[in-house]
Every structure is written in C-alpha cells, then in structure tokens.
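Go by the hints and put chain B with the ligands onto chain A.
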Amino acid sequence: MAGKIGESEQSAKYVGKAVNRVDGHSKVTGAATYAAEHKIDDLVYAALIQSTIAKGTITKMDTSEAERLPGVKVIITPFNAPRLSSKSTPSGRSLLLLQDKQVQHDRQNIGLVIADTWESASHAASLVKVSYKQTEPQVEIEKHATYEKLKSTTSEIGKQISAAGHKRGDFSQAFASGAHKVDQIYSTPMESHNPMEPFAVIASWEGEHLTLYDTTQAVFATRKTVAEHFDIPESHVRIISPFVGGGFGSKLSTWSHVILAAMAARKVNLPVKLVLSRAQMYGPVGFRPKTIQRILLAADKNGKLTAIRHDNINETSHFEDYVEASTHTTSRMYACPNLITSQNQVALDIGTPTWMRAPGEAPGSFALESAMDELAYELGLDPIELRVRNYPEKDPESGLPWSSNSLRECYKVGAEKFGWHKRNPEPKSMRAGKDLLGWGMAAATYPTYRMAANAQVTILPSGEALVQAGSQDIGTGTYTIMSQVAADTLGLPIEKIKFELGDSTLPRTPLSGGSMTAASVGSAVQLACQTALNSLIKTAIADQVSPLYQAKAESIVARDEGLYLSSDSKKGERLTDIIKRNKLKQVVGKAESKPGNEDEKYSMHSYGAIFAEVKIDSDLVRPKLTRMVGAYGAGKILNLKTARNQMFGGMTFGIGMALMEHTLIDPKLGRIMNADLAEYHLPVNLDVPNLDVIFIDEHDPHINPLGAKGIGEISITGVAAAIANAVYHATGKRIRDLPITIDKIM
Amino acid sequence: MLLGCWQRYHIYAFARWLNFKPMRDYIVLYINGKECRVAGADAFLPLSSYLRYVQSATGTKVVCEEGDCGACTVLSGAVSGDEIAYRPINACIQNVYQLDLRHVITIEGLKVDGELNCVQKSMVQNQGAQCGFCTPGIVVAMCSLFDKKCESKTPATEEEIRDALTGNLCRCTGYEPIIRAGLETNTEEAIALRALYPSRQIIESIGKHKGDAPLVQYEERIFFGPQSISEAVEFKAKHAGTTIIQGGTDVCVQMNKRGFDPKVIMSLNNVSGLNELNVEDGILRVGGRATLAQLEEKVTQLIPEFADILWVFGSPQIKNAGTLAGNIVNASPIADTIPFLYVMDAEFELTGSKGVRKVKADSFYKGYKKLDLQSDEIVTQVNIPLPKKSSTLKLYKVSKRKNLDISTFTAAVVMERENDQIRSARIAYGGVAEVVLRLPKTEEFLAGKKFTEETFVAAGKIARGEIRPISDVRGEADFRLILAETILEKFFHECNEEQAAWAR
Ligand SMILES: Cc1cc2nc3c(=O)[nH]c(=O)nc-3n(C[C@H](O)[C@H](O)[C@H](O)COP(=O)(O)OP(=O)(O)OC[C@H]3O[C@@H](n4cnc5c(N)ncnc54)[C@H](O)[C@@H]3O)c2cc1C
Ligand code: FES
Ligand code: FES
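Protein chains in written order, with this note's numbering: chain A, 414 to 1159; chain B, 415 to 918.
Next up, chain A with everything else stripped away, as it sits in the complex:
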C-alpha cells in the first residue's frame, strides 16, 4: 500500500514535523483575503441597526431622515422586511430576522440600511429613530427559582437533561457517609469570543443562485441554513471562505446577519457587503453563557472519591435552548462509584449563547478542578496524589477501555518540568521577594471527535497535486496540515501540493469545531491520495514500458515524486513519466473517510495536566501569572509548530478566562456594558508569561488512521482552575467566581 503515514515513520517527511505554515507568506504580507476583502463589482454596503433595549416591542422606526441621506438605497425594518416563508423550520440557530417587532435581547438586529458607501450606510443607520414599548428584562440567573434550588438542596434540581446528565450508584448515601467533603458553588461569567476578524459577509445573487463570501467555521452548514431560509436548493448556494480570522466557536453557526445580508442583496438586486462592528458582536452572534455550578465531593480517609455531584445552570435566551455541558466530563474524569450530574438552563432576556472554545469543558473544569484542590486541602493530600489515587483505569461511565490515556504521565512529566516537588502546600508560605508566590495545578480532558469527510486529489502532468476539501482554516493550520499529509502520502515535496479549502463546491467535510478537522479531513485527504496513487499504480503495473510492469501493487510505495518497489529503492519511476507516457490528462482520487465503530469499543479522549505560578503584589494584590507548564497526551502530533501554537493560544484563552474576561450586563437594563475591546479585556502579551508545552509521545492505533487527537480545545481546559488554585496557594483566598480580579482578592 502506498505511503501510509504512521506505518513507516521514515517515509513521513512532513507529518509530525515542525513544518512552516504554507499560508504564512500571504499572512505576513497582508495578502490573505478575508470575507470582507473580496473584490466584487457594483458592491453596495449594508449597516445594521440594533436594539438599544433588551426587551419590548418596536412601536415605530422613523427612517425619514436617514432616507434623505445621499446614497441611501433602502432601509429594511420589521415594518417592511420581506417575509421569509420557508416551508420547514430551517436548520441551525433560531434566528430573529425582522419578521416581527419583538425585541428579545440587547443589540438585537432590528434593521439594516443599504447605501452606496459604508460611510453613508452607517451614518444613516445612526439616524434611524426607534420607538419602543419597553418591558423590564430579566437577565440574572440568581433571580430564578432554579438557582434557589441549586443553593438549597442536595437532591435533584430542576429538570435533568438526560442527554447531558449522568447518574450512577447512590450519591446521596455515599455523600452522607463520606469522611471528607467539599460542597461549594462556582461560577463563570458570560464571555465573548472576540475573534480578531469581525463577522463579515458579501452576498451576491444571480437569479436564484446565491454566492456568499462569509467568515465561517462551517461552509456546508451555512449553505444548508441559508438555502432553507430562502427555500432554494442547496446546490443554488455557494459559500466561499478561504481565510477566517479566528472563530473559537462563534463562527460555527449561521447568525441572523448572514440571512439579512442575503435578504438585502435580493431586495436591491446588487451584491451587498455587511461588516459588523466590534460592538455589534456582543449579543446576536453568540457568547459563552454564564454558568453557576454546585459541586459536592466526598472521599474516604485515603482520598478515594466516594461521591461526586455536579449540577450546572447556564443562561440561555427565551427563543432557543442552549446547554453549556459543564458537567459532561465530570462523569469520566475520576473513578468514583456514586455520581450524579445535571444540566439546567435558565431562559433570560439575552441573545442565544453558543459554543466557545471547549464549551462545557472550560467552565466545567474550573469548577471540578477547583473542588478537587479544595478536597486535597481538606484531606491534607498533594493535589496530584489525590488525582492519581482516583485515576480511572477504564471509562467509569461507559465501562469501555481507553483508546489511550496518558494522564498519569502528564502529571509526572508536567510536575517535573514545573518543579512541583519544591512546593510547600501551606497557603501564603511561599514568597518571591516581596510578592506572595502561589503554585496550582489542574487536570484537563477533551473528547476525540471525528466525522465523515471527503477530499479530492488531482495529480497533474506537471507532477504537482491539487488537493481539495470544502473545510475551513480558522487559524488552526488546516492548509498546512493537509498539505503535509498529502505530500507524505503522495511522496511529493510540500511545495508541489496546492491545497484548496473554504468553498462549498469542494468535497464535503465537517465543520471546524470540536477539534476534529485534522483527524477527519486529514484521514480523507490521506485516503484520496491513496486512491489517486492506486490508479497510477494500476496504470504502471499494466504498462509494459514501466519498470513496475507486473509488480505487485502492495509492494509499491510512493516517494521522491515517484513510485518505487519497497524492496528495491531503485526500481521504479517518476509520477510524471507514468502520466506522460500514458497520455493522462490528470489522475484523480476521490475519497470519503468516516469513523467506524471504534467509539463502541473505546473511550477516546485527550488528557493533560496544567501547572501555574502566580505572584501577588502584597499591597495591591494584583495577581500576575508568571509561569505555566502544560503536559498533554493528545495522540500523534501532526505538526509540532502548529500544535504548540494551538496550545499556547488555548492556554492564553484560559488566562483571559481566569483573570479578566467578563461580559458585563446591566442587571436593570439588560444592556451589555463593555461591548468593546477597551473594557472587555483580552490578555495582552505582557499578561502571558513564557508558556511551556510538552506533548507525551502517544501512539493510539484506535482513533483514526492518522492517530491524531484534537488539540484546539483541551488547551484552554483546566487553565482557569490551575490559576485559581495557585491564587489560593498564594493568598489563602479561594476565588470561586471568575474572573479573579484584585477586588475579589482584597
């Protein structure tokens, strides 16, 4: 079989190596074209009008002054918006599309102005006078009965969402008889994804055919949702998205502005460009919901967990359910016979939340891993020791064996690198000069997902290969990793691979979420390359002139731009020779790769251990993160450079989550108070110390042909807890409510 990666490590010139990004050049020169930057003729511009209240009814929208502005073409409001009459409920999110006059959240899209220039559109939008009949919004989980239940009882609360909740053994009894216990409430705030690239779309109709230049993590899902909203066949919609300036989950969904832009383009019969301002992104394009989590742990005197309870409430909107599955991994993290978890939503007058980097795992691990630290102190045990004592030999929930699990090694290697053995566990006991010093750690996990994916490879007479898959590169390195896989499989230098993605007319692939692109699309690319090679091998074997004439297909490998006998490295010939001699225009390989039933046989996850050091100024108690080490078992690392970068990026997301990120909402008005980067703080470089990432060498033959687990999301998981635990160690103050700010420590 030709060049199968992983089988013969020598043949892998690129996979597993620190290869430079193939799109690096276009990015450092500013040449990479993002959604808003495609050059389209006759373009007109749209600007959104958003609600300035959180709840009520629009009674009037006075557009007269705006309409008088030169260049204004049309203003679409709920009073004149075209009716969208889809036959069925469209897939994707529940969108508010100017079909009624209700306002259901702050910054709801309630209209748009289309004009000749961006300036006139946005100026006109600011001149539209909106009158409302306002009602008092409800934006606090704490005012809801579910919260009272969470606080006041240890029996089941709220509705238990069966899909998300877990139950085994007898929690109540085990907890009652536990020797050491923790019972605490943790909370994480509403957070905004804030990808650097704003949401942007260009919509262009040609008859009943619609082309959208969009910034999306899911070209195929977008195509489906858009087609359904306009009642046209999917084949009439094309989504183009070659570069995405970050998404972190926010661009997995097709939000209302995409449909509105297409609606506007149809109305004016011209291509329309719509770019959201930073402020317009706080509400209608998702966010991580606030969570309030109660955790109860009990352990025997040896530190063996006997009971775990984890209840989560998250906020959602009144028009769509959203579960932030914070308790999801709790059931698998530790060996414990008695467990109960529940997921509960509280509907509020806010936009609908959405997946944000490690949805569920990120807030959930903050609660669970903080609670584990509290239990370690309760027991007088080292936090690593406590975790090791409760390591599950197999998946405690499903009973399946792990496909691979390096968690204990992560603890060991991470602790060594960090110097954990020098830690005095006593809070406030360690100092660095004047500053208090704190060391904390936490564990992390993230499931390994894989979905069906397709790819196509075209080997050209020039000896170059065009590799195509619909897919997306949201900065995670899809272009590069797929080029590596193709180059190795085809035995070509990476410069001869041209990889195309971000287009719904290309072979179908899954969305870029759940850290599964590398595994899913990579497997398809590998298979497509093999298919193309197999057809060339067939040609060569049948070709009397070829040195490979009548050779056995299994004995042929692809390398050095040719096909050669694996037993005799000299016997064979270049791909171009076979193609030329046989007068082939090109050689095409198409493939679909899908997961088998491995998930019925194995429980498949990445694991990691994170260590954090904080220093705290003794007068002003400002926590400063000074060091962080993460050790991860994440399967085969396809590209060391992109992988390390992903980890650094995710850890930095975790730093933001721990120390600063917080979308503030006015409890009375229901308006977001910090809808900008001046007051919604992301870490700047000086907030991020030098980070250290170690990958455990992990060979997992069960998960997928590449042996790769995802890395984009495990990187944020556990970080906030490690930092909170370090802050406790430094100050003796346990902060259970993120973010950890000076005023909370004081």
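Worth flagging that the hints you see were computed from the coordinates, not collected in a lab.
Don't take every hint at face value.
Said to hold, decoys possible - Residues from chain B shown here face chain A by an in silico Cβ test under 10 angstroms; the list is partial:
# : residue
1 : Thr472
2 : Val476
3 : Gln544
4 : Lys772
5 : Lys774
6 : Thr866
A virtual CB, placed ideally from N, CA and C, is assigned to each residue, including glycine.
Chain B with the ligands only, in chain A's frame:
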C-alpha cells in the same frame, strides 16, 4: 448640527483673508512612496477606511476602531530635518487630514524588492501567524522596532519586543511564537525604513506643499491645518466651535464610537516649534503638540517615576500619536498624567487672541470636563517643575489589566521629609470624583507628623473621607475607597523599603 450659512461664509472670508498665503483644498500624503492628494469626503475618512475602501489596500485590518488592538498599525513618517522618522500608529483613529505631509507605510509597502523582510521571514519561520488577522499590524509594529536596530545590528531583547507589541492584540497565538519571531529576527538583514523609499525625493516634494496650509471642505465639514500658533488662534477665535485634533486618540474614538461629528476641525500637526521639550531652570517645558512618546523619552532619566507611568500609558501606537496637551484638555478624571501634574504644581500656558495666560494644573479643572479655557485658547506649553532631590515622588495607576488599560484609580504623592518628620505632602487622586482631586485635609494632617506606618494608616482614613467615587465598569465605588485608603500605606512601605535598601 448643520453649520450655518453665515458661519460657512466666515470660513471663506477667513480663507480669503489668508489668501496672501497660498492655500490648498486638499491633503497631501504619501502612501508607500506614492503621493496622494486627497480632497472632499475622503479627506475626512479614518486612514484605515481610506486604505481599505479607497486604495483597496486591505492588508491593514480593522478590528476595534478605537486603538485597542493594533491590527490597523501603519507607520507614519514625519519629516525631521533631512530625514523621515517613522513611528507606528493606529490607522483606525487617525483621520486622513491628520496625516497631511506625512509618509505612511503600510504592510503592503514593507516588502524589500518583492521579498519578505527579516521580520516577515522570522514570522513565517516561527509561525507567528495563526488566523493571520492580527499579523499585518504585528509585522508593522515589529518592523518599527527593527528599524531602530538596523544600525547597531544588535538583536532585540524580549523586553523590547514585548514593549513594542503592547498595543497589538492576538487572540490565537498566545504571543509566544510572535515573541520568538522577534527574538529570532536576523538583525543583520534589517533594512532601515528610510532606505525603503527615496527619502530625499519625498522630503523635497513634501517641502513644496509645506508653504500652503490645507483648508479642506466637504459638505458642512471643514478642516484647517495652520502652520503657526497665530494662525491657529486666529482661526479658533473666528470659529468658537472648532475642535482641535492632535493625536486624535480621544477625539477619534469619540467620533468612531459615540457619533461625535465635529464640523470645524483644526490640527496642530504642522505648527512649527510646538513639539519641543526642554529643561530650563529646573523646569521641564513641554510644547503643546509634543507627543507622549517624546515625553516618555525625555523623562526616562529626568523623572523615572513619571516615565514608569508613561510606560503603562496606552501603547506605543497611542503614545506616538497622543499628546500631553490632549491628555490635559480631554480632562478625563482618570487621565494618567494629571495627578502628577497636580502634585508637581505644573502650569499650563494658554495662548489666545489676547496673548498668553498661565494657569496652575489644579485650578484648570472646574467640573466634569469643565475647564478654565477660553474658546479661542490653545494649550501651547506645559511647564513642569522637576522634583527636588529632597522630595519623594510616587505615582500609582490601578487598572483591571496592567498594560493597555484605562485606569480605575490613579494617585500621585510627593513628600518632603526631614529624618522621620514629614515636612509636607502633596497628594492627588484620580478616578474618585468628576475631576482629579487634591486632598487638602490629608495633606494638612500629614504635615509635621512622624513618618510612621500609623501616620499613613490614619492618613488613609482621612483620604477616604475626602473623595466621592462612583461605581462603573472599571470598578465599584467601594473598591476605589479601599484603594484610596491603602495606597498611602503602600507609599509608606515603598519609602521604607527604599530607605532600608539605601541603608544596606
Ligand atoms: C487605546 C487607548 C489607550 C489609552 N490609554 C490611556 C492611558 O493609559 N492613560 C490615559 O490617560 N489616557 C489614555 N488614552 C486616552 C488618550 O490617548 C490620551 O488622553 C491622550 O493624551 C490624548 O491626546 P491626543 O493628542 O490624542 O488628544 P486628541 O484626541 O487629539 O484631543 C483630546 C482633546 O484635547 C483637545 N486638545 C488637544 N490638544 C489641545 C491643545 N493644544 N489646546 C487645546 N485643546 C487641545 C482636543 O480638542 C480634544 O478635546 C488612551 C486612548 C486610547 C485610544
Ligand atoms: S482597529 Fe483596533 S487599533 Fe485600530
Ligand atoms: S493570529 Fe489570529 S489574532 Fe493573531
């Protein structure tokens, strides 16, 4: 508000009055070596929009439109002597008219003979780009750092790289690969920015336009770029509603975010002699258009405490554009320079049609954004007495994020002491009322007291009683009250430690 016809007439009359001097009705700027004459609506666009929409140069990204992320960083080159000095600025909060007679280099203009430059190469090599949206801004900011290195050919230190990139957010990389790209940039290959373009030619042709001041009009908007203080004062006297824009780091944010739409605008950018800084008779004299970056450079040796505060002021991009005068006149209660100016007893020189008037810093502010500044007056100089050898000066800034953040609370304390006897203290707090406050009761209490912890604990309690903070997104009132109280203890501890260190 529409500009009345009569007012418009006045502007034309003014233009005619000035007609003995030639006038231009367009802005002249150079972009990547090419001259652009910009008139009409385009002259009033933010530079980032002008680049992206008019010039179709989309390498410059727009992310926040308020100077907070650096994705729109470009280099602004001003002629200084027979050279052009380039500094990174945020293109989203610079309107085209502010760049009259400047040479702007964008990401598209950085390539050396169509090849990647040393920074770009290292960024590729070290995977400094993930999604790539912050990347052009980072490359431009970093090229400015290596511009300074091209003579010494010394590599950049991590500290220098981190400082240079304070104003550049990246949501993907965690910065590590970017910092590494900086560390591994081959300085041997660094090419001076001024060598990328024929400086002499550009300077010459800028010189040709220097003599005529721009007066650009579009619909009801007017921009004027005077060359002398007298022209500026004259204009301002004629047009009471004139908005001065200097760095624009306050005004342009208000335009982009709060719909502020000034009709008559004047920039002091081409007024000669106004950007000088010098020390005379123990007084630091700062010109009315001196930037915060110039100031920071100047005080690094002179007043290190103030330099430390300027270090955490915004970002390099903000400091390259923003001015001290702008910080003073913008009059925010959390402006970082004001508490310092209060306790140093600084004095502002205000030039109006009746001449120059001097006002003390702490009597300049009359209420929230109410100033002792007449409609025709311009801040032309700030005089700051240098701290005496015998006095101790300490400045504090508390913000949610340490760098690139607006303050929650600020404080300045200067104390004269003889052994363990406090002779006098001057204290100013910001972020605790609608203007920066002096704390007379606390100052009075401290005078003559023993220099002990108890004294400062007691002083803290008095200080707490002298302020009336409010709660906002940056902090609760209670938090500010606690800070107001504890900051004086911190001051005591710091003095004590220094003394101990001295004794050792
Ligand atoms: C991202 C960002 C970060 C920032 N960080 C900080 C910070 O850390 N600390 C801080 O204090 N501020 C900060 N600022 C605010 C701002 O940068 C400062 O206030 C700066 O000093 C303003 O100077 P400027 O020249 O840009 O003012 P401009 O915006 O040009 O003008 C400000 C005001 O002053 C008036 N004015 C300017 N010069 C004169 C003059 N000579 N005579 C009369 N009136 C005049 C203008 O008419 C206007 O009303 C920040 C701003 C941004 C966008
Ligand atoms: S776009 Fe963020 S600083 Fe200009
Ligand atoms: S690379 Fe995506 S924001 Fe920096």
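Check: Under the criterion of a CB-CB separation shorter than 10 angstroms, is Lys772 of chain B in contact with chain A as hinted?
Finding: 34 angstroms, violated
Margin query: Given Lys774 of chain B as an interface hint, is its Cβ closer than 10 angstroms to any Cβ of chain A?
Written below: Violated. Min distance 30 angstroms.
Next item on the list: So, Val476 of chain B near chain A? Judge it on the closest CB pair being under 10 angstroms.
Entry: 8 angstroms, holds
Check: Taking 10 angstroms as the limit, does the beta-carbon of Gln544 of chain B come near enough to a beta-carbon in chain A?
Finding: 4 angstroms, holds
Margin query: Is the interface hint satisfied for Thr472 of chain B? The criterion is a beta-carbon contact with chain A at less than 10 angstroms.
Written below: Since the shortest Cβ distance to chain A is 4 angstroms, the answer is holds.
Item checked: Proposed interface contact between Thr866 of chain B and chain A, which counts if any beta carbon pair is under 10 angstroms -> Not OK, violated: Thr866 of chain B not within 10 angstroms of chain A, min 17 angstroms.
Checked against the numbered hints listed earlier, the structure breaks hints 4, 5 and 6; every other hint is satisfied.
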